[in-house]
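A.B. asks: Residue numbers (the working numbering), protein chains in the order written: chain A, 498 to 851; chain B, 498 to 851; chain C, 498 to 851; chain D, 498 to 851; chain E, 498 to 851.
Since the hints were made in silico from the structure, they are not lab data.
This one's a predicted model, so the numbers in the text were calculated from it and none came from an experiment.
Possibly wrong hints are sitting among the right ones.
Same chains, same label: a pair holds when it works inside one copy or across any pair of copies.
[Unchecked claim] The calculated lysine-lysine pairs, modelled on DSSO-like cross-linking and capped at a C-alpha distance of 27 angstroms, are:
(1) Lys542 x Lys554
(2) Lys554 x Lys578
(3) Lys687 x Lys723
(4) Lys554 x Lys642
(5) Lys723 x Lys598
(6) Lys656 x Lys578
(7) Lys658 x Lys578
(8) Lys663 x Lys578
(9) Lys556 x Lys706
(10) Lys526 x Lys687
(11) Lys848 x Lys706
(12) Lys849 x Lys526
(13) Lys706 x Lys849
(14) Lys748 x Lys578
(15) Lys542 x Lys706
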Amino acid sequence: MARLVKKISKKAGLPPGTLVHIGEDQREKVKLRLIDYTEATLEEKELHTIFESFPYKDKESVTWLDIVGVHEVDVIGALGKYYNLHPLLLEDIMNTDQRPKLDDYEDYLCLFMKILSYDDTNHRLRVEQISLVLGPHFVFTFQEKDNALFEPVRDRLRKAKGRIRKLGPDYLAYSLIDCVVDSYFAILEKTGETIESLEEELVDNPQPKTSRQIHLLKKDLILLRKAVWPLREVVNTLVKEDSPLIQERTKVFLRDIYDHAVHVIETLETFREMASEMIDVYLSSVSNRMNEVMKVLTIIATIFIPLTYLVGIYGMNFKVMPELEWPYGYPLLWLVMLGVALTMLVLFRRKKWL
Amino acid sequence: MARLVKKISKKAGLPPGTLVHIGEDQREKVKLRLIDYTEATLEEKELHTIFESFPYKDKESVTWLDIVGVHEVDVIGALGKYYNLHPLLLEDIMNTDQRPKLDDYEDYLCLFMKILSYDDTNHRLRVEQISLVLGPHFVFTFQEKDNALFEPVRDRLRKAKGRIRKLGPDYLAYSLIDCVVDSYFAILEKTGETIESLEEELVDNPQPKTSRQIHLLKKDLILLRKAVWPLREVVNTLVKEDSPLIQERTKVFLRDIYDHAVHVIETLETFREMASEMIDVYLSSVSNRMNEVMKVLTIIATIFIPLTYLVGIYGMNFKVMPELEWPYGYPLLWLVMLGVALTMLVLFRRKKWL
Amino acid sequence: MARLVKKISKKAGLPPGTLVHIGEDQREKVKLRLIDYTEATLEEKELHTIFESFPYKDKESVTWLDIVGVHEVDVIGALGKYYNLHPLLLEDIMNTDQRPKLDDYEDYLCLFMKILSYDDTNHRLRVEQISLVLGPHFVFTFQEKDNALFEPVRDRLRKAKGRIRKLGPDYLAYSLIDCVVDSYFAILEKTGETIESLEEELVDNPQPKTSRQIHLLKKDLILLRKAVWPLREVVNTLVKEDSPLIQERTKVFLRDIYDHAVHVIETLETFREMASEMIDVYLSSVSNRMNEVMKVLTIIATIFIPLTYLVGIYGMNFKVMPELEWPYGYPLLWLVMLGVALTMLVLFRRKKWL
Amino acid sequence: MARLVKKISKKAGLPPGTLVHIGEDQREKVKLRLIDYTEATLEEKELHTIFESFPYKDKESVTWLDIVGVHEVDVIGALGKYYNLHPLLLEDIMNTDQRPKLDDYEDYLCLFMKILSYDDTNHRLRVEQISLVLGPHFVFTFQEKDNALFEPVRDRLRKAKGRIRKLGPDYLAYSLIDCVVDSYFAILEKTGETIESLEEELVDNPQPKTSRQIHLLKKDLILLRKAVWPLREVVNTLVKEDSPLIQERTKVFLRDIYDHAVHVIETLETFREMASEMIDVYLSSVSNRMNEVMKVLTIIATIFIPLTYLVGIYGMNFKVMPELEWPYGYPLLWLVMLGVALTMLVLFRRKKWL
Amino acid sequence: MARLVKKISKKAGLPPGTLVHIGEDQREKVKLRLIDYTEATLEEKELHTIFESFPYKDKESVTWLDIVGVHEVDVIGALGKYYNLHPLLLEDIMNTDQRPKLDDYEDYLCLFMKILSYDDTNHRLRVEQISLVLGPHFVFTFQEKDNALFEPVRDRLRKAKGRIRKLGPDYLAYSLIDCVVDSYFAILEKTGETIESLEEELVDNPQPKTSRQIHLLKKDLILLRKAVWPLREVVNTLVKEDSPLIQERTKVFLRDIYDHAVHVIETLETFREMASEMIDVYLSSVSNRMNEVMKVLTIIATIFIPLTYLVGIYGMNFKVMPELEWPYGYPLLWLVMLGVALTMLVLFRRKKWL
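The shape of chain A in the complex, shown without the other chains (with noise of 0.2 angstroms):
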């Protein structure tokens, strides 16, 4: 599992702006790929330093600078430096315990937005930050660890598929979230799976197990909602910004990711819902059958302990017993014990015990 808390007191009482990384240990170069497009032209390629990417500044095609890994302080530092970015910007782009939210610039609008994956081999979630630059002429994407999350938008390119080479840079920037906000369902499907299954083990055979497994998928589900429910607010301001940076015509793609943040939103409350109901139904299953345990206790009990009663009564060696001298003492005590026997049985099937 991610830690539930960064270590982001280490920033604590240094001055604002100033750049530290805050999140998992990394090691790996941080990659840069560009992509420089017109609806003409393309130039993609993979950048060694990040000063390679300053002649673009000026250019008046689209520049896509993917920067995977924000754990250099030197690159992070010298981008800002040469866009002009903000401190603070550039300290939140470092500080992977960001809530997603939307920083308004003026100049450049910035998006942070968290992506969600199911590591396969503990089936703990995790949970990675994305942050993305929209400025007039140029978009930056900032991720912690390299995916193929963006793979079909770099397709779209350079394929020019559908709008995307002919519309500027917010319409990438809609494009890329698209493709977060798609990564959402992925993981929905995953989990509405994994409800369905366990609905199934709780109505064949309920086990502790199947209850530790409801609780973590409970768990889960309130770590998906603290990195998916401020998303619905980011992009509803999106929508209602009045921003030069964002065209008339992309809006009503941005309200199309609305919807879907909204319906992933309501799809986790609906399955939250639902882990609750089903930690019902196993604590029902489980007093039903701690009820069924006792009454097979309770009438082997009641049954037999009078009748051991009364054999240890005959068992006793007193010498004046006379019913131990009746010829037919024996046969008559098999009488009377099953007498109890019957009247106990009778009483308890009036109990609706059996």
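With chain A fixed as given, assemble chains B, C, D and E onto it according to the hints.
C.D. replies: Relative to chain A, chains B, C, D and E alone:
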């Protein structure tokens, strides 16, 4: 049960506006039912291809095209192209995992709703999607499967009953939405009956089966709420909408639908509270019965265990046990045992266990 | 109990405005009570047909027509036609499954409310609907069944007590709504008394019956809230309403009703919390008793089971058992058994079980 | 305990503005305490009849009339008539079952508040109503019973301490409201101490009695919240009020009261959460103890029941039982029994029951 | 633990603005640390009396007076008088039981915050109050006790690191608030670690002790939330504040603090949900274990009780018991007993108890 989450992920990464059918697999051919009417005339026919509907585009009469089946990309695509519908709208129509919403595209409005039905074979809730596009002279409805939902409206159109032929396409749209909302009342009635019968079962003879059924009911209510809740906002927006597509005189009818939607939601909430209440009743009845079982066991055990101990003593084979020699030893022991048993019973009576 | 959901579905598919009675079956003839008054004059009569009320339409005096029974389509239809009432309004009046609401039709206002009463035969809550139409010179009230609810207002009119004959139809409407809200206080009082008596029962001698009664109470509170909650919004709208039908001087009275409605709702919420609290008290008392029962069983069993084992040993018939031959074997065993029992008692005392 | 719902129903059906006392029966004569002051002068006297207060009406000095007892219709009625108070206001003053509220009658403001006190005889919460009418030159306060609540203000007036004699009737009203809000802190302190002592009890020695006390506390908190919660809105309205009766310089003081009211409410909410938490702690301690009791029972029973069975075997009287003849049969059986007991103990140790 | 409610009642009845220290008893002398700086100069000294600070009032340089200890009426009173601070403000500073709030007195702003720390001796949360007054040329901070919280800011001032010496008192105030909010992250980290270690304990070996610790954690979270929650609103007001005391360029920094405050609150909420979840996990594990214990008891008892009864029968001393005479009676009984035991085991296996 409808799958909790549909395979929306198969769309991930595709450019927005790409048409992909998301929902249950369908094999049947799409049905196209067209009704074209003015106050005086009415023409009704079943189309073989979508192209047969195109000539109606420029007519002044009201055209209602009911498309049953949203799984054929060709049909939806061709219609969208000819009528200039936005690609995102077409995408949403084909994706049956939308939440209820209203999209205003200026030239036309689009409404997404859910219809609900109980599958009588496995007593599970089925959720289907209805989309409705309202244009200046036309209404398109898109359904997943064939059903009799809109039959009453068609009937009224044919017989020119009520205002329906006199008023425009907005009134037709209202009539169709009204059908959808009315269908919720049927579900509410069925659910209300289930609640009442479960309540009787709970009073007469609560069983583990009863609790399982209440939990199933609660789950259905969670799904119902998810389907119905957003509709309130949708209809409210429609009432407040300042679109030329909706005339003032239709608004009083839409307000009526709004009242119905609120009524449905409030009833659902009441049902949810009653279902939770029923679970609590069940659990306290389980608790009570467990308590009763325990008491019976304890009474029997507490009376007979000491008695059995007593008779055990005089079953011992010690050489020297003076009591065994006493002539009245045996009847004396009976007196002692009676005394012990009575004392116990008095104590239980005092503790109100008997 | 009133059915949870009335057969509203029988209206499904009919054109809006079709008059269908929805509610309990009624056979009695509709009663029509008319009072027509000015500050100086008062005319009161029971009408045989609705037509007798028509001549009052154009009079300047205030006409109050109290219609008891909403199941006759002819009566409601004729009245609606003559007074130009909107078909949707008539439909709503006949459908007794409305939620409380206020409809403003410009020429007249319509208010739907619920009245509540305890059915003394089966101690269940009865919910009936009251509709009130306020026009420029008239007030119509529609009730499901005959009751004495409005008697005090009629009485005040007859005796010209208070302001009622001087002020217009809006003040009459206020007086009638006030009657309805006042009737809620009677229910609250009864419920408050039930809560107090249940609380005493809970302290003195909690029984499974007590918990069943609390659950019934909670269910009643759920239904009460559903009936009363929307009224607050209705009265608030009435206060803020900018209709010429309501004069400024009447508003201070309506504000007073608003305060009462809020008071009713807050008291209901408090009752709900207290009922939940009572259930919790009951459950922890069940828990405590179970614990006590278990302790008694455990103490008895833990003391006597080892003793019974001991006496069992010396009941064996082995040829060679030296202890049996000892002259002081028997009293020695008694000492051992006493020791075991005392040790157990000391242990229980230490665990605070005794 | 104060009755949950006062007999407000006895007013049902009476014309609005009819004066009926609703509340606890009172027999004492109404006390009338008058203080009339300017910055320079102060006159204080106890009145015998309400008429003695009338001459102060037209004076420029500030008149504070403190009326203790609201059960005499004559007193309230005469005052209301002379000072032109609205009949609804008088009705509300006499009805001690109001919720806290602020009524603005333009010429004067009226504030309803609750004061709370613990009845030391039965440890129950008492709720009384305070009404305050603020006019241009006067303040009227209405209390149910005599108490020392306003003594500090009277004292400050007499000694001309602080600003109180310099500022107008609005500052006097503020001082009185401040007294009421301050009295809530005393209740909070007492409740806080109860919580702390219950928490200690819960850790040291949880008893059924403890849980009953926590439940009583929770009930008190429900009633407290009902009394205090609406006051926040009342004071907030007072701060935002644009009435000429409240001067700008008084508002900073009212804002301070608002802060206090919010503080009281937040503390109450925190207390409620802590009380719920305490109930949970109690319940899990009951669960834990039950578990422990069960384990002891199970260990004892599981060890001795098989042993008792073994000794039972060799107590049988079969003619042919070879074991009984063996010379080492008896010590051998001891070895077997020891083996059985040890095996059981090892198994329990492994399950971590020991 | 800090007392739940401080002795605020000792102020009841005093005129508003009376200075009374409310909080933990303090005996140490108040410390006064003054820093006066411009971009070029810095003067730092520890004052002996408050009067030494007065000459700085009219200087253009920024003066930061850090007052450690709010229990001396003389110090606070003299400062307030000289700087014209409102008596209510002084009262609030001395009352350490304020909720976080922002008071705008036009000439200066006053901010109340809480700082939190874990007392390592008894693992309880300590809450202290920080007040901050921001004037045109000065910042006053009031703390209850000495701590190193503001040391980093002092350090930056001394070394002229960052923007701090260039920007005005509003930036200084921001830096100080930032310190307070940063200190919350340290608490969150500690709490996060506690949650993680408790979760491990819960999986490996849940103990009653574990549940007690989770309950303590939940209680701490309740107190934490109470201290932090209102701060969000305070900072938000500060951002929207239209005061000349806060310059536009400082607002971007305040917005950053706002984001942090929201982040802290959301994390707290997530922690609360996880703690509740953990309690549920604990309770279902207790339930499961109880069930297991019951099963063991039932299996043992149900197998051996009937067997013991059987051997009891043949321990009886009836004269006539033919079975005892049979030569193969004893081995036959063994067969019967084996049969009974096996039947029971098969039944248990079928019920899945084994």
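A.B. asks: Determine for every hint whether it applies to the structure shown.
C.D. replies: Now for the hints, and whether the structure bears them out:
With identical chains, the CA atoms of Lys542 and Lys554 are at most 27 angstroms apart within one copy only, with a shortest distance of 16 angstroms there and 50 angstroms across copies. Proximity of Lys554 to Lys578 under the C-alpha cut-off of 27 angstroms is restricted to the intra-copy arrangement: shortest distance 12 angstroms within a copy versus 39 angstroms between copies. With identical chains, the CA atoms of Lys687 and Lys723 are at most 27 angstroms apart both within one copy (18 angstroms) and between copies (19 angstroms). When the C-alpha separation of Lys554 and Lys642 is checked against a cutoff of 27 angstroms, the pair qualifies only within one copy, where the shortest distance is 25 angstroms, while the shortest distance between copies is 52 angstroms.
Proximity of Lys723 and Lys598 under a CA criterion of 27 angstroms is satisfied in both settings, with 12 angstroms inside one chain copy and 25 angstroms between copies. For a Cα distance limit of 27 angstroms, the shortest separation of Lys656 from Lys578 across copies, 23 angstroms, qualifies, whereas the shortest one inside one copy, 33 angstroms, does not. For the homomeric pair Lys658 and Lys578, the shortest alpha-carbon distance between copies (18 angstroms) is at most 27 angstroms, but the shortest distance inside one copy (34 angstroms) is not. When the C-alpha separation of Lys663 and Lys578 is checked against a cutoff of 27 angstroms, the pair qualifies only between copies, where the shortest distance is 20 angstroms, while the shortest distance within a copy is 30 angstroms.
Proximity of Lys556 and Lys706 under a CA criterion of 27 angstroms is satisfied in neither setting, with 60 angstroms inside one chain copy and 65 angstroms between copies. With identical chains, the CA atoms of Lys526 and Lys687 are never at most 27 angstroms apart, being 32 angstroms at best within one copy and 31 angstroms at best between copies. Taking CA atoms no more than 27 angstroms apart as the test, Lys848 paired with Lys706 passes between copies only; the shortest distance there is 17 angstroms, against 34 angstroms inside one copy. Neither within a single protomer nor between protomers do Lys849 and Lys526 lie at most 27 angstroms apart by alpha-carbon distance, with minima of 72 angstroms and 50 angstroms respectively.
In this assembly of identical chains, the alpha carbons of Lys706 and Lys849 lie at most 27 angstroms apart only when taken from different copies (15 angstroms versus 32 angstroms within one copy). In this assembly of identical chains, the alpha carbons of Lys748 and Lys578 lie at most 27 angstroms apart only when taken from different copies (21 angstroms versus 31 angstroms within one copy). In this assembly of identical chains, the alpha carbons of Lys542 and Lys706 never lie at most 27 angstroms apart, being 50 angstroms within a copy and 59 angstroms across copies at closest.
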